[in-house]
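Going down the list, the protein sequences come from chains A and B.
Here my numbering = 1-based position in the first sequence + 228.
Here my numbering = 1-based position in the second sequence + 228.
Any given hint could turn out to be false.
Identical chains blur together in the list; that is why a pair holds if it fits in one copy or across any two.
Pairs of lysine to any residue, SDA-like flavour, derived with a Cα cap of 25 Å [claimed, not checked]:
| # | residue 1 | residue 2 |
| --- | --- | --- |
| 1 | Lys249 | Glu272 |
| 2 | Lys573 | Asp584 |
| 3 | Lys578 | Pro413 |
| 4 | Lys273 | Ser567 |
FYI, nobody ran anything at the bench for these hints, they're computed from the structure.
Keep in mind it's a predicted model, so treat the numbers as computed, not measured.
There are 2 protein chains.
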Amino acid sequence: MTNFDYYSPTRFVFGKDTEAKTGELVKKAGARKTLIVFGSGSAEKSGLLQRMRTSLQDAGIRSIDFGGIRPNPKSGPVYKGIEICKKENIDFVLAVGGGSVIDSAKAIAMGAVDDGDFWDFHAHTRMPQKALPIGVVLTIPAAGSEGSGNSVITQDKTLLKRSATGECLRPRFSILNPELTYTLPNYQTACGIADMMSHIFERYFTNEPGVDLTDRMCEGVLKTIISAAPQAIAKPDNYEARATLMWAGTIAHINLLGLGRIEDWSSHAFEHELSALYDVTHGAGLAIVFPAWLRYQLHHHNPQKIAQFATRVFDIPTSGSAENIGEKGIAALSAFWTSLGLPFKLKQIKGFEEADIPLMTQKIKMTRPNELGNYNPLNYTDIETVYRSML
Amino acid sequence: MTNFDYYSPTRFVFGKDTEAKTGELVKKAGARKTLIVFGSGSAEKSGLLQRMRTSLQDAGIRSIDFGGIRPNPKSGPVYKGIEICKKENIDFVLAVGGGSVIDSAKAIAMGAVDDGDFWDFHAHTRMPQKALPIGVVLTIPAAGSEGSGNSVITQDKTLLKRSATGECLRPRFSILNPELTYTLPNYQTACGIADMMSHIFERYFTNEPGVDLTDRMCEGVLKTIISAAPQAIAKPDNYEARATLMWAGTIAHINLLGLGRIEDWSSHAFEHELSALYDVTHGAGLAIVFPAWLRYQLHHHNPQKIAQFATRVFDIPTSGSAENIGEKGIAALSAFWTSLGLPFKLKQIKGFEEADIPLMTQKIKMTRPNELGNYNPLNYTDIETVYRSML
Chain A
229 MTNFDYYSPT
239 RFVFGKDTEA
249 KTGELVKKAG
259 ARKTLIVFGS
269 GSAEKSGLLQ
279 RMRTSLQDAG
289 IRSIDFGGIR
299 PNPKSGPVYK
309 GIEICKKENI
319 DFVLAVGGGS
329 VIDSAKAIAM
339 GAVDDGDFWD
349 FHAHTRMPQK
359 ALPIGVVLTI
369 PAAGSEGSGN
379 SVITQDKTLL
389 KRSATGECLR
399 PRFSILNPEL
409 TYTLPNYQTA
419 CGIADMMSHI
429 FERYFTNEPG
439 VDLTDRMCEG
449 VLKTIISAAP
459 QAIAKPDNYE
469 ARATLMWAGT
479 IAHINLLGLG
489 RIEDWSSHAF
499 EHELSALYDV
509 THGAGLAIVF
519 PAWLRYQLHH
529 HNPQKIAQFA
539 TRVFDIPTSG
549 SAENIGEKGI
559 AALSAFWTSL
569 GLPFKLKQIK
579 GFEEADIPLM
589 TQKIKMTRPN
599 ELGNYNPLNY
609 TDIETVYRSM
619 L
Chain B
229 MTNFDYYSPT
239 RFVFGKDTEA
249 KTGELVKKAG
259 ARKTLIVFGS
269 GSAEKSGLLQ
279 RMRTSLQDAG
289 IRSIDFGGIR
299 PNPKSGPVYK
309 GIEICKKENI
319 DFVLAVGGGS
329 VIDSAKAIAM
339 GAVDDGDFWD
349 FHAHTRMPQK
359 ALPIGVVLTI
369 PAAGSEGSGN
379 SVITQDKTLL
389 KRSATGECLR
399 PRFSILNPEL
409 TYTLPNYQTA
419 CGIADMMSHI
429 FERYFTNEPG
439 VDLTDRMCEG
449 VLKTIISAAP
459 QAIAKPDNYE
469 ARATLMWAGT
479 IAHINLLGLG
489 RIEDWSSHAF
499 EHELSALYDV
509 THGAGLAIVF
519 PAWLRYQLHH
529 HNPQKIAQFA
539 TRVFDIPTSG
549 SAENIGEKGI
559 AALSAFWTSL
569 GLPFKLKQIK
579 GFEEADIPLM
589 TQKIKMTRPN
599 ELGNYNPLNY
609 TDIETVYRSM
619 L
C-alpha cells in the first residue's frame with residue numbers, strides 16, 4: 229500500500245427533496261450572489277431551475293442564470309462564465325446538472341479569481357490554488373465530479389480534452405436526489421453506469437501489493453452497480469435502484485477506492501480523444517475502450533489481477549488459466565454493457581474514421597511524451613494497437 | 229435507503245513516516261500553542277512523543293504535555309485538561325494515542341471553549357457546537373475516533389459511559405502510520421480488530437431496504453480484516469497487514485458504511501456497561517457481547533440478514549435454513565475472535581459477578597427509557613436475557 233493523503237471535505241446531502249436545502253447551504257457558505265450554471269434545457273423544463281432560483285431567493289441570495297453548457301464541455305462558455313463572474317461580483321458558483329455542467333462550473337470558479345488564462349490549469353502549466361466556492365445539484369450520476377477535485381474541459385481551437393485538479397475544486401456541498409434522475413433517457417443512464425464503473429476500473433487495475441481492502445470495496449461497489457443497473461433501466465422511477473446508482477457514482481470517484489494504490493487512467497486517455505473528436509458520450513466511449521484495453525493487458529501483464537476481477541465481480545468459476553478466466557470476465561463485462569444498449573466497437577460511433585487513429589494516438593502522446601498508464605505502460609505502437617482492436 | 233447528510237472533512241495522512249508532518253499540519257490549522265494529550269507511557273518510551281514535540285517546535289508552535297490518559301477514559305482528567313487549556317491559552321489539541329486519548333482530547337477541546345460542564349454534551353442535555361481544533365497521531369487502530377465526530381467518556385462518580393457527538397469533534401487531520409502499531413501487544417491488536425468489526429456490524433444489521441451498496445462494502449471490509457488479522461498477530465511488523473487493519477479501522481467508523489441505513493448500536497450499549505464496571509478492554513467486551521446479541525436476534529428477527537452475513541463474509545454454504553446458515557456464521561465469528569485470543573464469556577472478565585446483570589440492565593435503561601436498538605428493539609427483559617446468554 230502506498231502512502232496517501234485523503235481529504236474529501238464536500239458535504240453530501242442525499243435523498244428525496246434534498247434540493248430544497250440549496251439556498252440554505254449556499255448561505256451557509258457565506259455567499260451573496262450566485263452564478264447558476266446549467267445545461268441545455270431539461271433543468272428548466274422540469275422546473276428544477278425555478279425551484280433553485282426560489283430557494284436561493286428565499287435565503288436572501290441573488291442569482292444570475294448561465295445556461296447552455298453542452299456535453300463534452302468546451303472552453304468557450306467557460307471564458308464567458310468567468311467574464312460574468314468578474315463583472316457581476318459573483319461569489320458562489322452553483323452547478324445544476326451532470327459532469328459537463330459541474331466541470332464547467334469548476335473551471336469558471338477558478339477563472340473568476342485568476343488574472344491569467346484558466347486553460348493553464350487544464351494544460352498543467354499552473355496548479356489551481358484558489359476558486360470561488362462551488363455547490364452542486366446533481367441530475368446525472370456518472371462523472372463523479374460532484375465529489376472530486378477535477379474538471380475536464382475541451383479547448384475549442386485544439387480539441388484537446390484535459391483535466392485540471394486541485395483541492396479548491398472540491399464542491400462545498402453536493403445535493404443528490406435520486407428522484408431527479410427518473411427522467412434520464414435509458415441511454416444516458418447506461419452511459420453513466422459505464423462511466424462510474426470505469427472510474428473504479430482505472431483504480432482497481434494496479435500492481436501495488438497489499439491493497440485487498442480497496443480491491444474488495446471496489447468489487448462490492450461494482451457488483452451492486454451491475455445488480456441495480458437493469459432495475460433502473462427497466463423501471464426508471466425505481467427509487468432504490470436510482471439511489472444505489474447515484475451514490476455509487478459518487479463513491480466511485482471521491483478517490484476512496486484509489487487510496488494506497490497507483491492508478492492507471494489509460495482508458496480515460498483513449499476515450500478523451502474519441503469524445504473530443506466525435507462528440508460521443510464519455511460513458512459510451514469508455515464502453516468501447518475499456519474491454520479492449522483490458523483484453524490487451526490480459527495477454528501482456530498480470531492476468532491474475534484480471535482473473536480476480538472476473539471471479540469476484542462476475543462470479544466466473546476459478547477453474548482454468550488466469551487468461552481463460554480473465555477472458556470470460558471481459559466477455560461478461562462487454563455483454564453487460566451491450567445489454568444496457570451501449571456500443572462496443574468504434575464503427576458504432578457516428579463520424580468515426582479508421583484514418584483518425586494515428587491522429588488520436590498522436591494527441592495522447594502530446595501530453596504523455598513517454599508512456600501511457602501505470603498497470604502496464606503503453607508506448608506509441610501499443611496505443612495504436614489497442615485503438616485498432618476496437619475496430 | 230434513507231436520506232442522509234455525509235460530511236467527513238478530516239484530512240487523513242496515511243503511511244510510513246507521516247508523523248513527521250505533524251508540526252506543519254498543526255501550523256496550517258492556524259495554531260500557536262498546543263496541548264499534547266497522550267496515555268500512560270508507551271508514546272514517551274518509544275520516542276514518538278519527543279518527535280512530536282520537536283515537530284511542533286520546528287513549526288514554531290509551543291506545546292504543553294498532558295499525559296496519563298487511561299483506557300476507558302474518565303471525566304477527571306478531562307476536567308484537568310480543560311483547566312490547563314483555559315489557563316494556558318491553548319488553541320489546538322493534539323491527541324497522540326488510541327481511542328481513549330482521542331476521546332479525552334475531544335472532550336477537552338469542547339470544554340476549553342465552554343463555560344458550563346462538558347459532561348452536559350455526553351449526557352445529551354446540550355449539543356456540542358464548538359471546540360478547539362483537534363489533530364490526531366494514531367497509535368492503536370480500533371475505536372475509529374480519528375475519523376469520527378464522537379467522544380466516549382465515563383463519568384467518575386456514576387460510572388456512566390456515554391458518547392457525545394458533533395461535527396466540531398471531527399479532527400482537522402489524522403496521521404496514520406502503520407509502523408507505529410508494530411509494538412502493540414497481540415491482545416490489544418485483537419481487541420482493536422473486534423472493535424472495528426463491531427463498528428461495521430452495528431451498521432450492517434438494519435431493516436432498511438435497498439442498502440446492498442453499503443452491505444457489500446461492509447462485507448468487503450470485514451473479509452479483508454479477517455484475512456489481515458492473523459498476519460498481523462503472527463508477524464507484528466507485517467506492514468501490509470498493519471496498514472490494512474489501520475485503514476479498515478478508520479473506514480469502519482467514518483460512517484461511510486452506515487449511510488442510508490438505520491443503525492443499531494445495541495451491542496455497544498451492552499459493552500459500555502461491562503467496561504464501565506470492570507474496566508475490560510472495549511474490544512474484548514464486544515467479542516463477548518456481539519455473538520450473543522446476534523444469536524438472540526437470529527431466533528427473533530430477520531434471520532435472512534444474518535444468513536447473508538454468514539455466506540458473504542464467512543463463505544458459509546447457502547444450503548439449509550437461514551437460522552442454520554446464520555448459526556454457522558455466528559460460530560465462525562466466535563471461532564475467529566477466540567483464535568485471536570479474545571474472550572467469549574462474561575466469566576472470563578476479571579471481577580465479573582452474575583449479580584451485576586440487573587444493575588447493568590438498569591444502567592442501560594437510564595438513558596434508553598423505551599427500547600434498545602433498531603434492528604429488533606430490546607426491552608428490559610430481552611436485555612437481561614441477552615446478558616445471561618453470555619454467562
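Going through the numbered hints above, which ones does this structure break? Give me the numbers in ascending order. Checked against the structure, the only hint that fails is number 4, while the rest are satisfied.
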